[in-house]
Amino acid sequence: MARKSHVQTTINGETVEFLCESRQSLLEVLRDELYLTGAKEGCNNGNCGACSVILDGRLVNSCLVLGVETEGKSVETIEGLAEPDKLHPIQDAFLENAALQCGICTPGFIMSAKALLDSNPNPTEHEIRYWLAGNLCRCTGYDKIVKAVMDAAKEASA
Amino acid sequence: MAEKKEYKVIGTRPIRHDGVDKVTGRALYGADFQMTGLLHGRVLRSPHAHARIISIDTSRAEAYPGVKGVVTAQDLPEAEDRVADLGEGAVNLKYLCDNILASDKVLYKGHAVAAVAATSPHIAEEACTLIDVEYEVLPPVLEVRQAMEADAPLLHESLKTTSMGEAADEPSNVASHIQHKLGDPEKGFAEADIVVERDFVTGTVHQGYIEPHNATAHFNQDGQLTIWCSTQGAFTVREQVAEILQYPISKIKVVPMEIGGGFGGKISVYIKPVAALLAKKTGKPVKVLMNRADVFEGTGPTPASYVRVKMGATKDGKITAAEAYLAFEAGAYPGAPVGPGAMCIFAPYSIENVVIDGYDVVVNKPKTAPYRAPGAPNAAFGSESVVDEIAEKLDIDPLEIRLLNGAKEGDRRADGPIHPRIGCIETLETAKAHPHYTAPNGKKHHGRGVASGYWFNIGLESSVTINVNSDGTINLIEGSTDIGGTRSSIAMQAAEVLGIPAESVNPSVVDTNSVGYTAVTGGSRTTYATGYAAYEAAQDVKRKMSARAAKLWEVDEDNVQFADGEFSCINGKEEQISFRDLCARLGETGGPVVGSGTVNPGGAGGAYATHVVDVAVDEETGKVEILRYTAVQDAGKAIHPSYVEGQIQGGAVQGIGWALNEEYIYDDEGTMTNASFLDYRMPTCLDLPMIDAVIVEVPNPGHPYGVRGVGEVPIVPPMAAIANAIYDAIGVRMTELPMSPDRLLKAMGKI
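Residue numbers (our numbering), protein chains in the order written: chain A, 52 to 209; chain B, 7 to 757.
If you're looking for bench data, these hints aren't it; they were derived computationally from the structure.
Some clues are possibly wrong.
Claimed, not checked - Only pairs whose alpha carbons sit at most 20 Å apart, straight line, appear in this in silico DMTMM-like list of lysine to aspartate or glutamate:
| id | chain 1 | residue 1 | chain 2 | residue 2 |
| --- | --- | --- | --- | --- |
| 1 | B | Lys-414 | B | Glu-435 |
| 2 | A | Lys-198 | B | Asp-698 |
| 3 | A | Lys-55 | B | Glu-192 |
| 4 | B | Lys-111 | B | Glu-163 |
| 5 | B | Lys-316 | B | Glu-192 |
| 6 | B | Lys-193 | B | Asp-363 |
| 7 | B | Lys-438 | B | Glu-467 |
| 8 | A | Lys-55 | B | Glu-131 |
| 9 | B | Lys-438 | B | Asp-698 |
| 10 | B | Lys-438 | B | Glu-703 |
| 11 | B | Lys-290 | A | Asp-83 |
| 12 | A | Lys-198 | B | Asp-693 |
| 13 | B | Lys-166 | B | Asp-87 |
| 14 | A | Lys-124 | A | Glu-147 |
| 15 | B | Lys-111 | B | Asp-363 |
| 16 | B | Lys-287 | B | Glu-131 |
| 17 | A | Lys-137 | B | Glu-509 |
| 18 | A | Lys-137 | B | Glu-435 |
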């Protein structure tokens with residue numbers, strides 16, 4: 052069996068240590084080693100965006116990042132988004148807009164939308180569609196997702 | 007019997023009950039399941055589309071460090087060659103078992119051959135490459151018309167065509183031939199002033215759910231088997247696994263985890279029995295996951311098809327006759343949805359003379375599975391294109407010709423049933439009155455198209471239990487896995503009965519040991535049938551609570567009435583108590599109240615949809631852009647309108663993908679060359695405009711609140727609507743799906 056490496060990183064603001072094989076992706080580490088199963092595997096090759104997390108401020112597909120690459124870095128996942136007594140405005144907007152059906156793509160879309168609004172607080176509909184094109188949803192036809200992100204942006208700038 | 011009244015809960019848009027779990031990443035889907043001592047399973051799949059298995063040697067894999075067990079078809083009990091009803095129609099058990107793990111032949115690339123359980127998924131994957139399988143490669147047959155030819159390679163030596171009940175003598179790839187006939191088609195065509203006949207071809211497409219299949223199984227020492235999985239129907243998993251493993255259903259518990267999309271594709275089992283075999287062999291819990299290529303290559307897509315449609319009409323637009331020939335690819339084993347295609351193809355019309363022939367044909371592709379209104383989109387692409395052509399040739403507005411011939415209550419469908427109250431005309435009128443239909447659209451290479459669609463919807467069995475809490479809330483126990491907000495649409499129906507807010511219902515989807523039998527979340531039945539069961543369970547609670555009020559007031563039960571959340575006494579006594587206050591007094595009046603409802607309703611009520619689409623065709627690249635999309639649909643009664651709109655929008659967009667991009671692309675050896683999301687290319691949000699979903703409500707007399715199924719019909723019209731819009735834009739009739747840029751360029755004579 053392949054030898055494991057010791058990695059220290061920050062996840063959702065907390066210092067975390069884990070052991071992983073060099074070949075394990077960040078997605079595998081999050082899900083199988085740390086039991087943070089909010090990031091989902093839809094394709095394992097960067098096509099679907101269901102595993103989206105934010106790494107040092109940048110949106111990534113966690114299936115395309117190796118666990119060992121996160122040494123000394125900071126990872127934000129869906130589990131860290133809400134406050135103890137309050138959802139993040141994007142999460143609220145998804146619920147208010149009924150922007151999910153099965154919900155498997157939802158964590159990825161919300162992380163992707165967060166990365167968008169962090170860098171562009173007032174996106175146009177086209178900018179939202181362009182940004183979210185890396186996240187696949189098969190249930191909703193995207194209509195309500197795009198509206199939710201538009202609403203969340205409006206809410207934040209109000 | 008449908009009530010026409012103002013509702014307090016129904017028709018509102020509460021936050022869905024499982025919403026917070028799903029936006030915080032806390033909801034547990036099948037692959038999220040963890041357990042101490044878990045092993046990981048992977049499946050070895052055939053590299054050939056058609057081959058005989060000469061031998062399988064698992065010894066090198068078994069010896070690989072970390073491997074705990076390997077299974078092949080040898081580990082399955084010998085299957086009987088008999089047909090059983092397993093919750094999704096009749097299934098031949100031999101075929102069902104052979105699709106789980108191939109025994110003598112592999113019939114498509116991706117066909118499961120063996121499986122490994124190991125201490126990590128990577129070790130299991132590596133060990134799969136150490137299984138030595140010797141094949142005798144056979145020529146594949148990959149297209150329905152070729153498979154029907156007399157000298158085509160045969161998939162099953164024992165398969166003989168059943169034609170309208172009679173079996174043929176010679177083996178064939180044609181599993182069955184059905185025919186529906188109404189009136190005198192010959193006479194009808196003779197009466198026509200214009201006859202249009204065209205051939206259509208559609209590609210193999212996949213449901214494309216984002217969550218791959220998954221299953222974790224564990225055998226206890228006492229023989230109890232538990233399976234945690236994503237499925238559209240826990241009870242059908244229990245039935246299928248029981249038949250495949252020849253194991254009693256009483257010893258199998260299926261725990262439905264959250265499910266990441268299904269669309270019909272998560273009814274058949276694939277890896278669930280494999281996980282159970284591996285668990286049995288290793289004595290440990292085993293989790294088996296598919297990767298995306300496994301999903302494309304090893305699970306049911308929906309058929310490619312060849313469709314021929316001929317329709318005749320008089321000069322003033324009256325359709326006098328219609329004829330259809332539907333040949334559907336079943337994939338490796340019989341069971342293409344040609345029956346439903348035949349039921350739906352001419353259902354938007356009142357036509358006196360109809361003949362429909364349908365053929366279920368095996369080819370060397372994965373066994374097809376239901377996909378949203380299975381069979382109907384393939385068929386409607388043909389019929390709705392031909393209706394458009396007739397309208398154009400007669401210079402009649404395409405919605406006018408549909409209104410002129412539109413199906414109404416009392417009309418007979420070609421396959422027999424007489425329509426009850428339906429909303430075909432109402433959806434057409436709504437589409438015609440929509441501003442989209444009259445908006446200017448005159449630019450060069452821009453076009454507008456319309457098409458209609460029908461899906462019959464189903465009922466089937468559902469069970470609901472309601473436990474009343476002392477604080478005036480209820481816990482609602484159901485067996486329908488929630489794929490698109492049905493916890494809420496079911497809970498809201500119980501809330502309406504009891505006069506409590508939607509938020510006072512706590513719905514739970516539970517395992518097969520904890521609720522009465524409930525059929526699959528499919529056939530657009532969940533809000534209709536499980537909602538109906540919730541209505542009945544709430545009525546039961548109401549009756550029992552009335553009895554408690556009578557006890558408190560020392561009057562006969564007949565003297566208690568319930569309205570607007572209040573029980574009151576009608577025998578002159580001035581007594582009144584709210585549902586909530588009475589809930590606090592159950593202990594003193596006889597103990598807890600539990601209500602139950604079980605149904606198997608017959609009146610599902612068919613659904614109609616009419617879509618209007620504007621497209622722009624890029625003359626240089628052949629790319630079709632969707633500029634505007636309006637989808638009108640009869641929902642009967644929309645319980646939670648947001649999630650009804652969501653079904654309409656999602657179905658329309660799947661149809662857009664089917665129309666423009668999606669298809670399995672095969673090489674000559676039968677290998678799918680685009681088995682990834684990147685290459686299969688489903689629509690992204692950048693490919694689309696907003697989808698305007700318009701709900702029409704023609705109450706279904708077969709449901710207490712008038713509900714009709716809404717999930718499936720929205721995928722029926724898009725392909726023809728877009729083809730008709732492309733014709734309007736460039737004057738070319740597209741008859742092959744998908745209408746991808748290369749096909750457009752060919753059609754325009756550019757390449």
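Hint by hint, here is what the structure shows:
Annotation: proposed proximity of B/Lys-414 to B/Glu-435 holds, straight-line Cα distance about 13 Å (limit 20 Å). For the proposed pair A/Lys-198 and B/Asp-698, the alpha carbon gap of about 12 Å is at most 20 Å, so the pair holds. Restraint check for A/Lys-55 and B/Glu-192: the C-alpha separation of about 76 Å exceeds 20 Å, so the hint is violated. As the CA atoms of B/Lys-111 and B/Glu-163 are separated by approximately 11 Å, the hinted pair is consistent with the 20 Å bound.
For the hint pairing B/Lys-316 with B/Glu-192, the CA-to-CA distance comes to about 12 Å; that is within 20 Å, so the pair holds. Of the pairs offered as hints, the one joining B/Lys-193 and B/Asp-363 holds, with about 18 Å between alpha carbons and a cut-off of 20 Å not exceeded. Annotation: proposed proximity of B/Lys-438 to B/Glu-467 is violated, straight-line Cα distance about 38 Å (limit 20 Å). Annotation: proposed proximity of A/Lys-55 to B/Glu-131 holds, straight-line Cα distance about 19 Å (limit 20 Å).
About 14 Å separates the Cα atoms of B/Lys-438 and B/Asp-698, which keeps this hinted pair within 20 Å; it holds. Under the criterion of a C-alpha separation no larger than 20 Å, the hint pairing B/Lys-438 with B/Glu-703 is consistent with the structure, at around 16 Å. Annotation: proposed proximity of B/Lys-290 to A/Asp-83 holds, straight-line Cα distance about 18 Å (limit 20 Å). A hinted pair counts as satisfied when its Cα atoms are at most 20 Å apart, and A/Lys-198 with B/Asp-693 qualifies at roughly 16 Å.
Proposed proximity of B/Lys-166 and B/Asp-87 is supported: the alpha carbons are some 14 Å apart, at most 20 Å. Between the alpha carbons of A/Lys-124 and A/Glu-147 the distance comes to roughly 34 Å, so the proposed pair goes past 20 Å and is violated. Restraint check: the Cα-Cα separation between B/Lys-111 and B/Asp-363 comes to about 31 Å, which exceeds 20 Å; the hinted pair is violated. With a CA separation close to 18 Å, the supplied pair B/Lys-287 and B/Glu-131 stays within the 20 Å bound.
The hinted pair formed by A/Lys-137 and B/Glu-509 meets the criterion: a straight-line CA distance of about 18 Å does not exceed 20 Å. Distance restraint check for A/Lys-137 and B/Glu-435: the Cα-Cα separation of roughly 45 Å exceeds the 20 Å cut-off, and the hinted pair is therefore not satisfied.
Violated hints, in rising order: 3, 7, 14, 15, 18; the structure is consistent with all others.
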